[in-house]
Amino acid sequence: MTDNAETSYDVLIVGGGPAGQAAALELAAVGARCAVIDEQARPGGQILRQPPVSFAAQNWVDENSYRPLRQQLRVFENQAAIAWLGRRSVIGLQPGPQGHSLTTSGADGLQELSAAHVLIAAGCYDMPYPAPGWTLPGAMGAGAMQTLLKAQGIVTGEPIVFAGTHPLMLLIAAQISRAGGKVAEVAFDRSLATIGKSMIRHCATALRNGSLLGEAGKAMMDLRRAGVPVRFGRPLQEITGADRVTGAVFGEADHPETTPCGSIGLCYGFLPQSDLPRQAGLSVRWSSPSGGWATCHDQWMQSSVEGVWVAGETTGVAGAPIARDEGRIAGLGIAAALGLITNRDATRRAAPFRQSRKAAMRFAAMLDDIAAPKQALDRVAASNTTICRCEKVSASAVRETLGSTTDVNAVKRITRCGMGLCQGRNCEHMLIRMSAAAEGRGLETMKGFTGRFPARPVSIADLLEKPLP
Amino acid sequence: MSKRIGFVEPPAPIHIELDGEVVEAYEGESVAALLVLHRDGMSRRDRDGDARGLWCNMGTCSECFVRLLEHGRSRRVRACLLEATDGMRIATGSHTQDD
Ligand SMILES: Cc1cc2nc3c(=O)[nH]c(=O)nc-3n(C[C@H](O)[C@H](O)[C@H](O)COP(=O)(O)OP(=O)(O)OC[C@H]3O[C@@H](n4cnc5c(N)ncnc54)[C@H](O)[C@@H]3O)c2cc1C
Ligand code: FES
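As they're listed, the protein sequences go chains V and R. For the first sequence, my numbering assigns the number 105 to the initial residue and increments by one for each residue that follows. For the second sequence, my numbering assigns the number -2 to the initial residue and increments by one for each residue that follows.
For the record, the hints were derived by calculation from the structure and aren't laboratory data. Please note that a few of the clues may not be correct.
[What the hints assert, rightly or not] List time: in silico DSS-like cross-link candidates among lysine-lysine, alpha-carbon distance up to 27 Å:
{"no.": "1", "chain 1": "R", "residue 1": "K0", "chain 2": "V", "residue 2": "K301"}
{"no.": "2", "chain 1": "R", "residue 1": "K0", "chain 2": "V", "residue 2": "K322"}
{"no.": "3", "chain 1": "V", "residue 1": "K301", "chain 2": "V", "residue 2": "K478"}
{"no.": "4", "chain 1": "V", "residue 1": "K301", "chain 2": "V", "residue 2": "K322"}
{"no.": "5", "chain 1": "V", "residue 1": "K496", "chain 2": "V", "residue 2": "K551"}
{"no.": "6", "chain 1": "V", "residue 1": "K478", "chain 2": "V", "residue 2": "K496"}
Using the sequences provided together with the hints, build the complete structure.
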């Protein structure tokens, strides 16, 4: 990849994670002029968030399962035909019949880029799980803790508690423990029996994916050896502290059990990034059971708008191997649309990626089933916890308003829930669940907030220098 | 307490100014990481005076806004996407109410 100053390309790719890299490599191989834009300085995406160049990192994410992704990253970084536009946030996507334009924001202001095809491979983010006390410094997404470790070499306040429903927290806790961080406890919301039932439902898949499950088993063993308790059926009731996190409260209201801690990682699943697709008017669907909006696509990963493509966790959270397969399929689809390869060629070359994607989807479905956050989120819905961090709106304030209207955009106007800087990324999923429940409607029939420019916060001074598109 | 761990071999330290206090940092290290080390992850106080901290460390939640003071102007930026450079001056909202 090379740094580049051009503004017009055949293909613009948003996101340099496994999906974006895979697509760029397919496209570069057939001579397409493509650029990859990312808010991060370096490519890798969330799973391979790289430390600063100046850090000589040793043993950096060296677990076996990361090897194929690291290999792809190395090839990507060495492919000179791909332009790398790092440290730039894409804040707007304007589809057009003659091509599409993207507005980006970086240290030196805004810039417009254009291309015949745009691929959105923006990934996902830690589900914002509103436990009481979750706005305290030291309470963060489990993925945030992990990226602080792998990209910055930082262990957050010790000892660390993990709480949630998603098994990824086992791997994260073990990574932190192996790196020398002190973990106080890993607390699963759901009982071992419930998790076992999910595994039995997906028994064939569980057997076929022995190595992935083995990794969770190894993490459990490493944690045991380090004396870290892994507990099940232990819902988080509250995070305590005055100016920072000092404890995590579990157990029933009449028998609270507090685990003292210096920070807590919440791991209830991941939501697809959906700001750009929704702002540009692409069709999306509610992503069950974890929530959030997944962008719809055809078999070549093209969205409902011609020339705008999607791949990876923007299309639903299903893990890095699937993200990579989707990136390759999208890359081939775009190459065919550009006339750089024939449709027949694309079909033939995409076949193995379709096959491995299909197999991996079964494992993703099992994980989804195990990690289902519904119960944990229902508790929040019935509480008075702050669900909108930016505007500090509580679940009880939202419940009150839902008595008069269940339209989420109206509730937003009345309560200010979702009006803040995060554009609703933190709270919308919760509001939609509450609104669906109040109306007795299925989540898949719900409509979300109206997508708006800019998809990422941008300074008013920058906008004034360059008027809104 | 948060801490740095040894899996990275950082280069010679640089210095940045965090709320007027000079702290040691490494070139390219994120300002969010420095907030974790020096402020327990705190980025500001909200309008009720409550301490608030970074949540996502990936540019999505907008909880980590700090002010970057340069060229006589103050820019609000996400600390988790801001890389430390020598002499950088940062103002958090952790001492004042800054919403
Ligand atoms: C914090 C975190 C940590 C994770 N760690 C692991 C792990 O250790 N193991 C594991 O199996 N899975 C992990 N996951 C799940 C993981 O994200 C995926 O499996 C994988 O990285 C998905 O690949 P992707 O290419 O779809 O997206 P990503 O890897 O997320 O890549 C998307 C990229 O797009 C960029 N981007 C998004 N929006 C914009 C925008 N508007 N402007 C500019 N750039 C943008 C992001 O900066 C990012 O680099 C993690 C998820 C998160 C959120
Ligand atoms: S910590 Fe979420 S945007 Fe920086």
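Checked hints:
1. R:K0 - V:K301: Given pair K0 of chain R, K301 of chain V is violated - Cα atoms ~40 Å apart, limit 27 Å.
2. R:K0 - V:K322: With a Cα-Cα distance of about 25 Å, the restraint between K0 of chain R and K322 of chain V holds, given a limit of 27 Å.
3. V:K301 - V:K478: Within the cut-off at roughly 16 Å; holds.
4. V:K301 - V:K322: holds (21 Å)
5. V:K496 - V:K551: holds (23 Å)
6. V:K478 - V:K496: With a Cα-Cα distance of about 23 Å, the restraint between K478 of chain V and K496 of chain V holds, given a limit of 27 Å.
Violated hint for the displayed structure: number 1, the only one.
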